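All chains, please: the whole structure from these sequences, using the hints.
Those sequence lines, one after another, are chains A and B.
Adding 144 to a residue's 1-based position in the first sequence gives its number in my numbering.
Adding 14 to a residue's 1-based position in the second sequence gives its number in my numbering.
Warning: the hint list may mix true and false statements.
Listed next, the in silico BS3-like pairs over lysine-lysine satisfying Cα-Cα at most 25 Å (straight line) [what the hints assert, rightly or not]:
no., chain 1, residue 1, chain 2, residue 2
1, A, 279, B, 191
2, A, 250, B, 141
3, A, 285, B, 141
4, A, 483, A, 452
5, A, 289, B, 141
Which residues of chain A face chain B? A few of them, derived with a C-beta cut under 7 Å, are [as the list claims (entries may be wrong)]:
no., residue
6, 227
7, 229
8, 246
9, 253
10, 259
11, 306
12, 310
13, 314
In case anyone wonders, no lab produced these hints; they're calculated from the structure.
Computed from a predicted model, the values in this text were never measured in an experiment.
Glycine included, every Cβ here is placed at the ideal spot set by N, Cα and C.
These are the residues of each chain, in order.
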Amino acid sequence: MSDSVPEAPTAATTATVTADGGAGESGSTTGATIELENLTKRYPGSAAPAVDNVSLEIKAGETVIFVGPSGGGKTTLLKMINRLIEPTSGRIRIGGEDVTDMDPVKLRRKVGYAIQSSGLFPHMTVAQNIALVPKMTGWSKSKIKARVEEMLDLVGLDPAEFRGRYPRQLSGGQQQRVGVARALAADPPVLLMDEPFGAVDPITRDHLQDELIRLQRELHKTIVFVTHDFDEAIKIGDRIVVLRERSHIAQFDTPEAILTNPVDDFVSGFVGAGAALKRLNLTRVRDVEVTDYPTVQVDDPLQTIFDKLRDAGTNELLLLDKRRRPYKWLRRGDLMRAKGSLARAGTLVHDTVTRDATLRDALEAVLIDNAGRVAVTGRRGEYEGVVDMETLMNSVHELLDADRLEAVEHQHELEELRAQQTHQEQEGEGGPKA
Amino acid sequence: MNFWEYISTAHQQLLADAYQHASAVFQCMVVATVIGVVIGVVTYRSEWAGNLATTTTSTILTIPSLAMIGLLIPIVGLGVPPTVISLTLYGLLPIVRNSIVGLRGVDPSLIDAASGIGMSRMARLAKVELPLAWPPILTGIRVSTQMLMGIAAIAAYASGPGLGNEIFRGIASLGSKNALNQVLAGTVGIIILALLFDAAYVLIGRLTIPRGIRV
Chain A
145 MSDSVPEAPT AATTATVTAD GGAGESGSTT GATIELENLT KRYPGSAAPA VDNVSLEIKA
205 GETVIFVGPS GGGKTTLLKM INRLIEPTSG RIRIGGEDVT DMDPVKLRRK VGYAIQSSGL
265 FPHMTVAQNI ALVPKMTGWS KSKIKARVEE MLDLVGLDPA EFRGRYPRQL SGGQQQRVGV
325 ARALAADPPV LLMDEPFGAV DPITRDHLQD ELIRLQRELH KTIVFVTHDF DEAIKIGDRI
385 VVLRERSHIA QFDTPEAILT NPVDDFVSGF VGAGAALKRL NLTRVRDVEV TDYPTVQVDD
445 PLQTIFDKLR DAGTNELLLL DKRRRPYKWL RRGDLMRAKG SLARAGTLVH DTVTRDATLR
505 DALEAVLIDN AGRVAVTGRR GEYEGVVDME TLMNSVHELL DADRLEAVEH QHELEELRAQ
565 QTHQEQEGEG GPKA
Chain B
15 MNFWEYISTA HQQLLADAYQ HASAVFQCMV VATVIGVVIG VVTYRSEWAG NLATTTTSTI
75 LTIPSLAMIG LLIPIVGLGV PPTVISLTLY GLLPIVRNSI VGLRGVDPSL IDAASGIGMS
135 RMARLAKVEL PLAWPPILTG IRVSTQMLMG IAAIAAYASG PGLGNEIFRG IASLGSKNAL
195 NQVLAGTVGI IILALLFDAA YVLIGRLTIP RGIRV
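This is the structure we're talking about:
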């Protein structure tokens, strides 16, 4: 099952875009399919099963989120995939291979596992924690060492600084990153994450979510992610499984479809209010038009700045610092009022977004900065362009229109499906739960 | 003859007794530690087994040491055997109890993580649970040692080794001019040994408790 599935994401997910390039060059294992077949978990002494006859197919390279109210059995369902909880009946297949009866220890070494509050072992250093699974699978020392560095790099921590630290010397967010690094260390095709960002503050959580999205774009693992936060689900997931009690699947679809077309009251109740606003979370700055904007740099001579202001045809200029990072918005007349001193003129740039940021982040930044636009920056914070209010409004309108159209089509399909089912049931071939 | 004069004349005997005392306690501690930790490991996951182990070992501790040794003499004879057996039995309680408490105190999410990343039961125990439970276990060993230092003195009653001989000799010859000196020398010797052992444990703690969980 460690075999990589050659044509990883056949799904029409965002992953397909970079699948050919990214996966090949690093030589890492991409995702494998996960099939759950009639999985049931019955605890002795309780009449109703905790997980009741769940069947689910997760495509290779896909990020699938289990979301639902707490106590709904989503963690139980997740833990059945690596058999931390043994199913009472049903089959589990990973990458086409039936793993229901294989040695659970072997199975788990091929399935990455990251949990809430990181689960790092406090008596081991960061490097020792990450090296655990490769060590158990018998990698050579030098290979493990190189891998630890690589993993720390991957999750955005400087190996030289963090290698020798103990978990308690890290912030919550850093611990969580190391937790993900440990889960990915032996390059498993599948990664299970059980509310991994549940215990960190909202700002850090936001960062970690962005990081995970970036990671997944590079790695194309099959990720199964449990959360009770629907906003987190739509942000990260390619597809979302909304679970109601006893892990019954209420809806399994793309975030867009669930937002615009929740199947029943349970799902729409869970989606919550403000679906249109949430829709903004599903589109990233890279998907909308980033326009160029007249800029000047702090060490440009004043005359150049005046000329630019005159020629630009806009009321404002974006002033960049020496490393080309957005620094200030300069308005016409600002320089005059500040008597020609760049240090005093203009208003500071409060917030910038990267191309990975969601439109919601962008909108927020536009609303906070009274410039009516937000600067888009690259990896090192350098200026790349701007997104303005108008672009945002237009994209949202387009998105919502497209969604509505899709929802109508979807409705038709569903109705046809239902018609077929009723037809079958009338013929006496109804499902077991009829 | 004052106390210091007595020490200087009898120092060879005293040193030999002190060495034997320390050696007996040390060896019994090693055996008690091994047995105690094994009992802890075997029983900690079951509520009743753990309670049974703690209750049994604490019952042993309630038996007066003199009585215990007295009871052992007809079975195993005089000398070293009753000393070793009784010291080991007395040493068990703190170690068993702290092992169970320590192992049960390991954060369940860490055990979940350990299993989840593919550790076998043995690996989980050796690499995660025991290292994390080690500080309380070491405390148990420390308490045990202090206790055995005192109890070992009673061993002389069964012709066992150690500084207890000095004390018993003194008690037997009460009224003679060296009686008090003998009792005092034995007692002070035991106190000094106990302090030395305790210092050693502090050092062992520094060396064996990983920096990540040191308080």
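Hint check results:
Between residue 279 of chain A and residue 191 of chain B the alpha-carbon distance is near 69 Å, which puts this suggested pair outside the 25 Å criterion. Between residue 250 of chain A and residue 141 of chain B, the direct Cα distance comes to roughly 18 Å. Compliance with the 25 Å bound is thereby established for this hinted pair. This hinted pair checks out: residue 285 of chain A and residue 141 of chain B have alpha carbons roughly 18 Å apart, not beyond 25 Å. With a C-alpha separation of about 18 Å, the suggested pair residue 483 of chain A and residue 452 of chain A falls inside the 25 Å cut-off, and the hint holds.
Distance hint between residue 289 of chain A and residue 141 of chain B is fulfilled; the C-alpha atoms sit about 19 Å from each other, no more than 25 Å. For residue 227 of chain A, the shortest C-beta to C-beta distance to chain B is roughly 10 Å, which exceeds 7 Å, and the interface hint is violated. Checking residue 229 of chain A against chain B: minimum C-beta separation of about 11 Å lies over 7 Å; hint violated. Because the smallest distance between the Cβ of residue 246 of chain A and any Cβ of chain B comes to about 12 Å, over 7 Å, the interface hint for this residue is violated.
Taken as an interface hint, residue 253 of chain A checks out: its beta carbon lies about 4 Å from the nearest beta carbon of chain B, inside 7 Å. About 6 Å separates the beta-carbon of residue 259 of chain A from the nearest beta-carbon of chain B, less than 7 Å, and the hint is met. Given the 7 Å rule on beta carbons, the hint for residue 306 of chain A is violated: about 13 Å separates it from the nearest Cβ of chain B. A hinted interface residue such as residue 310 of chain A counts as satisfied when its beta carbon comes closer than 7 Å to some beta carbon of chain B; here the least separation is about 3 Å, so the hint holds.
With 7 Å as the threshold, the beta carbon of residue 314 of chain A stays out of range of chain B, its nearest partner Cβ sitting at about 11 Å, so the hint is violated.
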